[in-house]
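J.: For the protein sequence lines, the chains are A and B, in the order given.
First residue of the first sequence? That's 8 in the numbering used here, and the numbers climb one at a time after it.
First residue of the second sequence? That's 43 in the numbering used here, and the numbers climb one at a time after it.
In short, the hints are calculated from the structure, not lab data.
One should not assume that every hint holds.
[To be verified] Listed next, the in silico DSSO-like pairs over lysine-lysine satisfying Cα-Cα at most 27 Å (straight line):
#1 B:Lys174 with B:Lys213
#2 A:Lys33 with B:Lys213
#3 B:Lys224 with B:Lys213
#4 A:Lys271 with A:Lys250
#5 B:Lys224 with B:Lys174
#6 B:Lys225 with B:Lys174
#7 A:Lys33 with B:Lys225
#8 A:Lys250 with A:Lys74
#9 A:Lys33 with B:Lys224
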Amino acid sequence: MSVSSHPQLDEDFELYALGALDGEEKQTFESHLRECPACAQRLAEAHGRLSVLAWSTEIEPAPASLKQRILEPLRVRQPDSSPAFRLQPSPGRSLRFLQWSVVSLAAAFLVLVIVGTTIIVRLRSQNRELQSRLSALQTSFQQEQAIANNARAFFNVWFSRDSIKVTLVPGSQHPAPEGKVFYQPRIGGLVFYTVNLPTLPRAQTYQLWLVPSLGNPISAGIFNTDTEGNGGVLLPRLPSGIKAKAFAVTVEPAGGKIQPTGPKVLVGGVS
Amino acid sequence: MAPDMQTRPEEQGAELRLMQQIAAGDQAALATLYDRYSSVLYSVAKRVLADTGAAEEILQDVFLQVWRNASRFDPHRGSLSGWLLVTTRNRAIDQLRRRAAADIDPAPENLAIPGANLEASLSRDQLMARVKTAIGGLAAGQRQALEMAYFEGLTHTEIAQRSGEPLGTVKTRLRTALQVLKKALNP
Numbered sequence: 008m009s010v011s012s013h014p015q016l017d018e019d020f021e022l023y024a025l026g027a028l029d030g031e032e033k034q035t036f037e038s039h040l041r042e043c044p045a046c047a048q049r050l051a052e053a054h055g056r057l058s059v060l061a062w063s064t065e066i067e068p069a070p071a072s073l074k075q076r077i078l079e080p081l082r083v084r085q086p087d088s089s090p091a092f093r094l095q096p097s098p099g100r101s102l103r104f105l106q107w108s109v110v111s112l113a114a115a116f117l118v119l120v121i122v123g124t125t126i127i128v129r130l131r132s133q134n135r136e137l138q139s140r141l142s143a144l145q146t147s148f149q150q151e152q153a154i155a156n157n158a159r160a161f162f163n164v165w166f167s168r169d170s171i172k173v174t175l176v177p178g179s180q181h182p183a184p185e186g187k188v189f190y191q192p193r194i195g196g197l198v199f200y201t202v203n204l205p206t207l208p209r210a211q212t213y214q215l216w217l218v219p220s221l222g223n224p225i226s227a228g229i230f231n232t233d234t235e236g237n238g239g240v241l242l243p244r245l246p247s248g249i250k251a252k253a254f255a256v257t258v259e260p261a262g263g264k265i266q267p268t269g270p271k272v273l274v275g276g277v278s
Numbered sequence: 043m044a045p046d047m048q049t050r051p052e053e054q055g056a057e058l059r060l061m062q063q064i065a066a067g068d069q070a071a072l073a074t075l076y077d078r079y080s081s082v083l084y085s086v087a088k089r090v091l092a093d094t095g096a097a098e099e100i101l102q103d104v105f106l107q108v109w110r111n112a113s114r115f116d117p118h119r120g121s122l123s124g125w126l127l128v129t130t131r132n133r134a135i136d137q138l139r140r141r142a143a144a145d146i147d148p149a150p151e152n153l154a155i156p157g158a159n160l161e162a163s164l165s166r167d168q169l170m171a172r173v174k175t176a177i178g179g180l181a182a183g184q185r186q187a188l189e190m191a192y193f194e195g196l197t198h199t200e201i202a203q204r205s206g207e208p209l210g211t212v213k214t215r216l217r218t219a220l221q222v223l224k225k226a227l228n229p
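Could you put the whole structure together from the sequences, leaning on the hints where they help?
T.: Set out below in structure tokens:
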């Protein structure tokens, strides 16, 4: 099949829907689908036809407790409402500026604008990748557009009803370091910031980890803190669709590691 | 594969009423939906993942998505049951293979998917019997290839590696299996 030709048979679509195609066959099929709404519709129909195969498996009831676990949290979450749940109470006087409760949408948005702008500016001096991008853009008209795009992505992560928010806390240090993750799994978007983390020697760095429900931790970026203990990671490159079980910050050698090796200084679970 | 018959109007109406109640925040309606589909969804997720905890997580995600997006349900675009089955199977496969969701999203947010209308015209027992009979009518190699693809998410190449059969043989078997099923389910 060439990119421009339509798959002809129902089985062509069903083989793709099954996930059986790979390599060039798969790429060609997907290239065509992106430019052909009619074939995208036929693919949806193929998915639907294949769905009856589910009934070929031996049916067993779901565990009795599962129904309660699904329904119980919904008592406080209406459909299409923004969950904005807090997973752990913040200990923090250090995060006063973020201990907002949404008095009104407008007020919340205003706070987000201020906080978002603050974090973006702060991270410009800390995140090498972002810094180089911004410095290049400073010489051109595109700078403002790039900042606006980052802010928009930041707000998408922060404000989306699908985003989860995790508070990461350490032991009993004082003043207590603390971090916040805003994670949007659908798009793989993440915003993280921390306060009161001690500045590390130059040979070391902090590294943020996304701990998926299954599999090994995924690096969500490295960062260092300023003299006031502030630092963070803004929109690292993460695959989309990863369900997070927890987030953690470890101390690693400069440059970071593929898998965590150093001590955990912050950790927060997703309930 | 399944006949492309129209969903019965009363079935369409029942699904729509249920989803309207869920959209209005009626947990009892979601409980009704759960009672209706949780067994087959759980069974599929568990068969794919071979892990009860992971299967339960898949169901939690799927029903939460229904709860959140119930107002977007459009019965004219297809059936809810098809959407539930496709979404559950695909999420389980994605998790099994630890891969991101497919580029081409087969599970639109309107919670309806076309083509899954066989279950609208048959009772559950009739549906299970017909599907099992159809799959039972496949040659052993065809059935094995189909189950590897559907329940394990394996590609042609991976099935060939797993089964030790030539790639061309696997392609032929899988395509033939789909053709045979189409005839069996759409006499």
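J.: Next, verify each hint and record whether it holds.
T.: Going through the hints against the structure:
| no. | hint | in the structure |
| --- | --- | --- |
| 1 | B:Lys174 with B:Lys213 | holds, 22 Å |
| 2 | A:Lys33 with B:Lys213 | holds, 14 Å |
| 3 | B:Lys224 with B:Lys213 | holds, 17 Å |
| 4 | A:Lys271 with A:Lys250 | holds, 21 Å |
| 5 | B:Lys224 with B:Lys174 | holds, 13 Å |
| 6 | B:Lys225 with B:Lys174 | holds, 14 Å |
| 7 | A:Lys33 with B:Lys225 | holds, 26 Å |
| 8 | A:Lys250 with A:Lys74 | holds, 21 Å |
| 9 | A:Lys33 with B:Lys224 | holds, 23 Å |
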